[in-house]
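Here are the chains, one letter per residue:
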Amino acid sequence: MRKNLMMIRNILLISALLGVFICQVKGQKVYTKNGKVTFYSKAPLENIDAVNKSATAILFTKTGAIQVSVSIKGFEFEKALMQEHFNENYLESDKYPRAVFSGNVQQNEKINYSNDGMYMVTVKGSLMIHNVSRDIEAQGKIIIVNSIPRLIAEFNVSLEVYNITIPALVANKISKTVKIAVDCNLDNVLK
Amino acid sequence: MKLKIIGNKKDSMVTAIPGKREKVFMMIAGFALLIFFIALYVLNEYNRKPVNVSYVKPDFEVTDSALIAEFENSEKLAMKKYSGKIILIKGIIRKIAKNGSTYTINLGNPLSGSSVHCLIDSTQDIGNWSEGRYIACKGVFVDFNRDELLGSDIILNRCILNYK
Chain X
1 MRKNLMMIRN ILLISALLGV FICQVKGQKV YTKNGKVTFY SKAPLENIDA
51 VNKSATAILF TKTGAIQVSV SIKGFEFEKA LMQEHFNENY LESDKYPRAV
101 FSGNVQQNEK INYSNDGMYM VTVKGSLMIH NVSRDIEAQG KIIIVNSIPR
151 LIAEFNVSLE VYNITIPALV ANKISKTVKI AVDCNLDNVL K
Chain C
1001 MKLKIIGNKK DSMVTAIPGK REKVFMMIAG FALLIFFIAL YVLNEYNRKP
1051 VNVSYVKPDF EVTDSALIAE FENSEKLAMK KYSGKIILIK GIIRKIAKNG
1101 STYTINLGNP LSGSSVHCLI DSTQDIGNWS EGRYIACKGV FVDFNRDELL
1151 GSDIILNRCI LNYK
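The listed protein sequences correspond, in order, to chains X and C. Just so it is clear: in the first sequence, position 172 is 172 by our numbering, and no numbers are missing. Just so it is clear: in the second sequence, position 65 is 1065 by our numbering, and no numbers are missing.
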């Protein structure tokens, strides 16, 4: 009898601890400073692609609020001249050094951040590039492995909308929209 | 081509004076050569790769704490000083993170919110480096990211570990 009571007490104790842990996972802020943001543009003159591996992303799992911030100068190109033009002529990175997305994961309550799984999500918010903010909506997925959420999303951005002007000489040979891909493994917990 | 006799007939000197056709030919050849060199320069410039940090002498040599202090004291001045420069930074490894095939090493005092974020070049093997070890690392300064919530970072790209 006493042995059974001890066992029940232990089970209750473990359940309570597990409950506290799950609540913590459900309502925590997870982040990374090693997020990967790539952009790709296909055009007759030349394809342009660049990668930035130092994006900062933070997600509040309880509300689905998300922010991704990236340094424009952190984009690495295969060709140095492309990188110089990108920074000096197109994005003017000295004047506007960062691009920031702030938004929310739609229907966040359906995501169980404490269990492994994959969820197709829509993220809505505001994207600021070149000091211009515009509302955007992106399709993506959240993959949870060992309670670590990984956010993957892809969307297109029109250069004209963000006041990014292409010189007339090459205007017809460079794509007016670029595809942006985000891949952030949110493996740090904000204490 | 016309040949012109200079001086008297006994000790005469024969020199070649180009005619109109030869002049045009020389001009075209010179112009073509100029175009060739311009094209070569443009092609070379177009295909130019970003500088290989391994072979470049650093513009600055500094410790992690000194660099962080400079940015925290005056971000504007520090940005002007280090923008696009190659820095050889020395400090203690606070954290090593792997993202796909890329390693990131954070240098700085673990008790401080700020750190130096070194993105290691994909050609580099981080070998036996571990947290708490003192290293020297050379990379291109990219940006200073001031963040009150997550801690500020000084970002260096294409970093090469200095084994010396």
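One thing to keep in mind: the hints can contain errors.
[Unchecked claim] From the structure, some residues in chain X lie toward chain C, with a derived Cβ separation under 7 Å:
id: 1; residue: 34
id: 2; residue: 50
id: 3; residue: 53
id: 4; residue: 54
id: 5; residue: 71
id: 6; residue: 73
id: 7; residue: 74
id: 8; residue: 86
id: 9; residue: 164
Quick caveat, the hints were computed from the structure, so don't treat them as lab data. No residue lacks a Cβ here, since even glycine has one placed at the ideal position from N, Cα and C.
Tested hints:
Given hint, residue 34 of chain X at the interface with chain C, holds; its Cβ is 4 Å from that chain's nearest Cβ, closer than 7 Å. Annotation: interface hint on residue 50 of chain X violated; nearest CB of chain C at approximately 11 Å, more than 7 Å. The beta carbon of residue 53 of chain X is positioned within 7 Å of a beta carbon in chain C (closest approach about 5 Å), and the interface hint is therefore held. The criterion of a C-beta within 7 Å of any C-beta in chain C is met by residue 54 of chain X, whose closest approach is roughly 5 Å, and the hint holds.
For residue 71 of chain X, the interface hint holds, the least distance from its beta-carbon to any beta-carbon of chain C being 4 Å, beneath 7 Å. Evaluation of the residue 73 of chain X hint against chain C yields a held restraint, the C-beta minimum of about 5 Å falling below 7 Å. Hint status for residue 74 of chain X relative to chain C: holds, with the closest Cβ pair at about 5 Å, below 7 Å. With a least beta-carbon distance of about 12 Å to chain C, the hint placing residue 86 of chain X at the interface is violated under the 7 Å criterion.
Interface restraint check: residue 164 of chain X against chain C, minimum CB-CB distance 19 Å, threshold 7 Å, status violated.
The structure is inconsistent with the numbered hints 2, 8 and 9, although it conforms to all the rest.
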